[in-house]
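There are 2 protein chains.
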Amino acid sequence: MGNTAQPMRLLLTVSYDGTNYVGWQYQENGPSIQQALEEALEKAVGRFCRVTGASRTDAGVHALGQRAHVDVCASIPPEKYPFVLNRYLPEDIRVTETRQVKDDFHARFMAAGKLYTYRIHNAPHASAILRNCTAHVPVTLDVDAMRACAKALIGTHDFAAFAAAGGQAKTTVRTIDFFDIARDGEEITLRVHGNGFLYNMVRIIAGTLIDVGHGRLDVGCMARAIESKNRLDLGVTAPARGLELTRVEYDFEREEASRA
Amino acid sequence: MGNTAQPMRLLLTVSYDGTNYVGWQYQENGPSIQQALEEALEKAVGRFCRVTGASRTDAGVHALGQRAHVDVCASIPPEKYPFVLNRYLPEDIRVTETRQVKDDFHARFMAAGKLYTYRIHNAPHASAILRNCTAHVPVTLDVDAMRACAKALIGTHDFAAFAAAGGQAKTTVRTIDFFDIARDGEEITLRVHGNGFLYNMVRIIAGTLIDVGHGRLDVGCMARAIESKNRLDLGVTAPARGLELTRVEYDFEREEASRA
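Chains as they are written, first to last, in the working numbering: chain A, 127 to 386; chain B, 127 to 386.
Bear in mind the hints are in silico, worked out from the structure with no lab data behind them.
Mixed in with the good hints, there may be bad ones.
Okay, the calculated bits of chain A under chain B, using three or more residues with CB under 8 Å as the criterion [claimed, not checked]: (1) 190–202; (2) 249–256; (3) 310–319.
Label pairs and their calculated CB-CB ranges [unchecked claim]: (4) ASP310(B) - VAL265(A): 26 to 32 Å; (5) TYR325(A) - ASN155(B): 42 to 48 Å; (6) LYS277(B) - TYR325(A): 51 to 57 Å; (7) GLY341(A) - HIS340(B): 31 to 37 Å.
The structure displayed is predicted, hence computed values, not measured ones.
For glycine and all other residues, C-beta sits at the position ideal for the given N, C-alpha and C.
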């Protein structure tokens with residue numbers, strides 16, 4: 127490395143097709159996004175750098191805007207990292223943006239908001255083209271019933287019923303401030319924004335709404351589950367392939383945006 | 127097969143992700159869509175049936191609504207074939223509709239209209255998620271210049287300049303009655319409808335428009351090429367992965383629609 131190298135913490139925006147990965151986090155049973163990024167970084171800067179992601183997405187889950195931080199010491203200008211890293215990364219992982227952040231910045235603990243998208247292909251036959259990024263539901267779903275059910279999610283609630291085992295959250299209270307369900311032909315898109323989500327929470331919400339759209343669960347089930355804190359009041363966990371981590375937000379960016 | 131089996135000609139609507147195929151047509155160097163369909167049909171009806179496609183899409187080209195005809199003799203009701211065939215087909219090929227047609231129907235020679243879609247991911251870095259169904263162009267394209275250029279395509283013209291070697295068309299005169307260019311964030315979508323297209327014609331149009339959007343070719347080039355019939359007046363052939371055969375139309379369906 128050149129003698130102009132300065133140690134710095136970088137914030138990365140990462141997009142990936144999660145189909146061929148065991149998930150974000152390093153695991154022994156297959157390739158992870160984290161590992162692919164760390165290997166590309168090692169090639170780029172000549173030493174191992176630990177990457178810390180904002181969200182530990184599961185196997186098969188995609189990301190348009192995952193975020194991660196990493197400490198590097200190299201003579202590469204911060205904004206040039208996408209070009210360098212994408213040279214070494216597989217085609218299904220792209221770093222789309224990098225910037226320097228303060229040394230105490232933490233991609234996961236400082237995340238102030240997240241937007242998730244869940245896509246349903248609602249047609250008699252699965253989609254050949256969208257098969258890896260949609261859940262296929264052959265029976266026509268009642269989107270109005272799904273919307274009525276989802277209304278109960280808005281606000282600050284104890285979402286204990288919405289967490290799969292294996293989560294490590296200290297509290298199960300979360301705030302959801304936006305939930306949208308749109309139908310465009312055969313595609314139904316759910317978008318949910320909140321300050322944070324429990325393990326499998328979005329997939330449990332999506333699976334429950336699919337059951338409601340089917341008529342297998344009533345529109346009151348979501349409100350009831352918030353009250354009861356009982357996972358059994360909710361539906362199945364929807365398939366990972368339909369889920370995308372669309373955006374992760376930080377307060378310092380919101381402040382920048384409000385100043386601009 | 128049961129003794130209720132009746133010989134009949136079927137019209138299939140087929141959707142596929144062309145990424146892992148050598149193209150529509152049977153080839154020795156790898157799997158084709160046609161071959162996959164014929165193998166699935168053989169499993170379904172117990173004998174080999176030749177499938178004839180409306181369009182011989184190239185390697186890597188996708189289809190939302192390819193059409194094909196085939197003669198079968200089996201006790202399966204015509205509309206049930208998608209369910210049977212999709213059981214045997216790989217996930218990246220789906221038959222979405224089947225119907226009985228007259229015995230002299232021909233999917234290719236009777237095609238009266240086709241709609242193609244070409245997708246460009248116009249962003250500094252390629253898309254991890256859309257990598258197989260978009261052409262990546264890192265430089266911001268001038269969509270207004272592309273629109274101005276594409277206007278020359280509308281109408282009935284001799285498109286001799288727009289054909290790659292290897293085509294078998296008797297005439298190079300074609301009619302294009304619709305051309306739309308839309309930008310949605312980082313995605314630019316071209317849609318072109320006409321009565322037929324020469325070999326590689328849509329990819330040559332897309333590649334030329336990308337060159338015009340770049341400023342490497344002037345907006346008059348398309349009109350000039352129609353006049354000159356010279357392939358050299360046009361730009362590069364855009365990558366196959368951005369192209370999708372969206373729809374194939376037949377007169378008998380148009381008549382049904384107008385009666386309905």
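Quiz item: Taking each numbered hint in turn, which are not upheld by the structure, reported in ascending numerical order?
Solution: 1, 3 and 7
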